[in-house]
Amino acid sequence: MAWEDRTPFDAIEATFGYSEPQVKALMRKNLKRNSFELWRKRVTGRATKHVALRSKLVTRAYCATQYKQK
1 MAWEDRTPFD
11 AIEATFGYSE
21 PQVKALMRKN
31 LKRNSFELWR
41 KRVTGRATKH
51 VALRSKLVTR
61 AYCATQYKQK
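Residue 33 in this note's numbering sits at position 33 of the sequence shown, with consecutive numbering throughout.
None of these hints come from the bench; they were simulated from the model. Among the hints, erroneous ones may be present.
[To be verified] Label-pair ranges, simulated between beta-carbon atoms: (1) L26 with R6: 16 to 24 Å; (2) R6 with S35: 28 to 36 Å; (3) A14 with N34: 23 to 31 Å; (4) K29 with E4: 24 to 32 Å; (5) K32 with D5: 15 to 23 Å; (6) R6 with L31: 28 to 36 Å.
Every value quoted in this text rests on a predicted model; they were computed, and no experiment measured them. Cβ coordinates follow ideal geometry from the N, Cα and C atoms, glycine included.
All chains should be modelled from the sequences, with the hints used to inform the complete structure.
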């Protein structure tokens, strides 16, 4: 969920109990350095990763087809 750009940190916390700093630490620990840096660059200040920055019209935690079973 953390890798996905559209899933906000609040949804990760509600689902797994990890706060934003804990998610960042987990990603830092489990990704290669360059992958982590690219991810941080991508999600920093991103409206879709932070509920407070999202449009009030978006009421879901993630895309309806994001975890679609095939």
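Each hint tested on the structure:
no., hint, in the structure
1, L26 with R6: 16 to 24 Å, "holds, 19 Å"
2, R6 with S35: 28 to 36 Å, "violated, 19 Å"
3, A14 with N34: 23 to 31 Å, "holds, 30 Å"
4, K29 with E4: 24 to 32 Å, "violated, 18 Å"
5, K32 with D5: 15 to 23 Å, "holds, 19 Å"
6, R6 with L31: 28 to 36 Å, "violated, 19 Å"
In summary, the structure is inconsistent with hints 2, 4, 6 from the numbered list given earlier, while agreeing with the others.
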